[in-house]
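Peer 1: Okay, here's what each chain looks like letter by letter:
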Amino acid sequence: MHFTIETYTIELKSKGNCDIIDITSKVNEVIRENSFNEGSALLFVPGSTAGITTIEYEPGLLKDYPNFFEKIIPKNQNDHHDDTWHDGNGHSHVRASLQGASLTVPFKNKSLILGTWQQIIFVDFDNRHRDREIIVQITGKRD
Amino acid sequence: MHFTIETYTIELKSKGNCDIIDITSKVNEVIRENSFNEGSALLFVPGSTAGITTIEYEPGLLKDYPNFFEKIIPKNQNDHHDDTWHDGNGHSHVRASLQGASLTVPFKNKSLILGTWQQIIFVDFDNRHRDREIIVQITGKRD
Amino acid sequence: MHFTIETYTIELKSKGNCDIIDITSKVNEVIRENSFNEGSALLFVPGSTAGITTIEYEPGLLKDYPNFFEKIIPKNQNDHHDDTWHDGNGHSHVRASLQGASLTVPFKNKSLILGTWQQIIFVDFDNRHRDREIIVQITGKRD
Numbered sequence: 000m001h002f003t004i005e006t007y008t009i010e011l012k013s014k015g016n017c018d019i020i021d022i023t024s025k026v027n028e029v030i031r032e033n034s035f036n037e038g039s040a041l042l043f044v045p046g047s048t049a050g051i052t053t054i055e056y057e058p059g060l061l062k063d064y065p066n067f068f069e070k071i072i073p074k075n076q077n078d079h080h081d082d083t084w085h086d087g088n089g090h091s092h093v094r095a096s097l098q099g100a101s102l103t104v105p106f107k108n109k110s111l112i113l114g115t116w117q118q119i120i121f122v123d124f125d126n127r128h129r130d131r132e133i134i135v136q137i138t139g140k141r142d
Numbered sequence: 000m001h002f003t004i005e006t007y008t009i010e011l012k013s014k015g016n017c018d019i020i021d022i023t024s025k026v027n028e029v030i031r032e033n034s035f036n037e038g039s040a041l042l043f044v045p046g047s048t049a050g051i052t053t054i055e056y057e058p059g060l061l062k063d064y065p066n067f068f069e070k071i072i073p074k075n076q077n078d079h080h081d082d083t084w085h086d087g088n089g090h091s092h093v094r095a096s097l098q099g100a101s102l103t104v105p106f107k108n109k110s111l112i113l114g115t116w117q118q119i120i121f122v123d124f125d126n127r128h129r130d131r132e133i134i135v136q137i138t139g140k141r142d
Numbered sequence: 000m001h002f003t004i005e006t007y008t009i010e011l012k013s014k015g016n017c018d019i020i021d022i023t024s025k026v027n028e029v030i031r032e033n034s035f036n037e038g039s040a041l042l043f044v045p046g047s048t049a050g051i052t053t054i055e056y057e058p059g060l061l062k063d064y065p066n067f068f069e070k071i072i073p074k075n076q077n078d079h080h081d082d083t084w085h086d087g088n089g090h091s092h093v094r095a096s097l098q099g100a101s102l103t104v105p106f107k108n109k110s111l112i113l114g115t116w117q118q119i120i121f122v123d124f125d126n127r128h129r130d131r132e133i134i135v136q137i138t139g140k141r142d
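Heads up: the protein sequence lines correspond to chains A, B and C, in order.
Following numbering that gives the first Met the number 0, the numbering of the first sequence begins with 0 at its first residue and continues without gaps.
Following numbering that gives the first Met the number 0, the numbering of the second sequence begins with 0 at its first residue and continues without gaps.
Following numbering that gives the first Met the number 0, the numbering of the third sequence begins with 0 at its first residue and continues without gaps.
Because the hints were derived from the structure by calculation, they are not lab data.
Some clues are possibly wrong.
What the hints assert, rightly or not - Pairs of lysine-lysine residues, derived as DSBU-like cross-links and limited to a Cα-Cα distance of at most 30 angstroms, are as follows: (1) A/Lys-74 <-> B/Lys-74; (2) C/Lys-140 <-> A/Lys-25; (3) A/Lys-107 <-> B/Lys-14; (4) C/Lys-107 <-> A/Lys-14; (5) A/Lys-140 <-> A/Lys-62.
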């Protein structure tokens, strides 16, 4: 048994505007390809207009979750951020700070410990297409 | 001193409907019974209709916090999730994704580092009674 | 290479009322002064009226983010918490439980991995000036 901490990255293309991307299988791949057996995966998005959480990844919730953000933090309200920077994404920043840039998920027997209907998602709150890099830092035991 | 990462579980029965359960003493028990001295406890709920956070666990807030969720993500609104699955818990999923399925709390001298009035809570957003299993993964030093 | 977990603290003075304090440079100092090279920084606020997240720390968002909390969890609504304790900070507790008391940020090459415009912030939701202590627990490799 060997205990360590290693930092990897996942690359994504997102459409922005509350695009929700299931990254579960990519995180499991990082765990398996690097021979980790038990530990935790710290997922972190470098950037201030996106977040990470879990959801049941099914078509209804892929509408309901963006609708919720549009209701409580609408686009095109008169944000002070937009008044200064004129990039029209003040709402993206507020949504991202609320959601949080990070999630840590435990794994055992080479698999993430998740509910049957629970997936890890990256949510891109920015108002345009983005190329994104997500950090996957594994702390744990190798075989 | 011995450094390691170990995965444990806590079992709970919840009433659902924003039932808030204080799990602080159970997490401290896991730390002490397994002779950890300093490190972190990763708490994770496998499932997409519950969350973990901290609160001052007193009767007023046990009403105020559920009332807040009922205000911003009400039950029985016409969710796309419910249109498809007819289980009436679309709001449970949205609340859970917002709250987050995970929390990491540091500990030292065999005790969680918390504020005097701060407890770790499991919040069950589902719309029915549930048997729940919470993951407690400890990364740290033994005596 | 030496693998370990160590617990440090940062001390802050806050003005309360959604005061937002950038703690990024203080966390990087903890990493560098203690010769860590790669790992994660667990940031945790002991207390039930404050939170930790990331944001683009610029004057517009320092108004927009507090405005958002005032909109969804207003001060001086008739909280059950306040009815009991008469400290007028029921809204502070609800905001803090929603935001979350904790954030974990990865680092490599002695630096936090953050977006160019992304800073780590402490948000004090309490309704008065506070002296605060934030836990910075580092899990990682020394040189």
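Peer 1: Which of the numbered hints above does this structure break?
Peer 2: Those not satisfied come down to hint 5.
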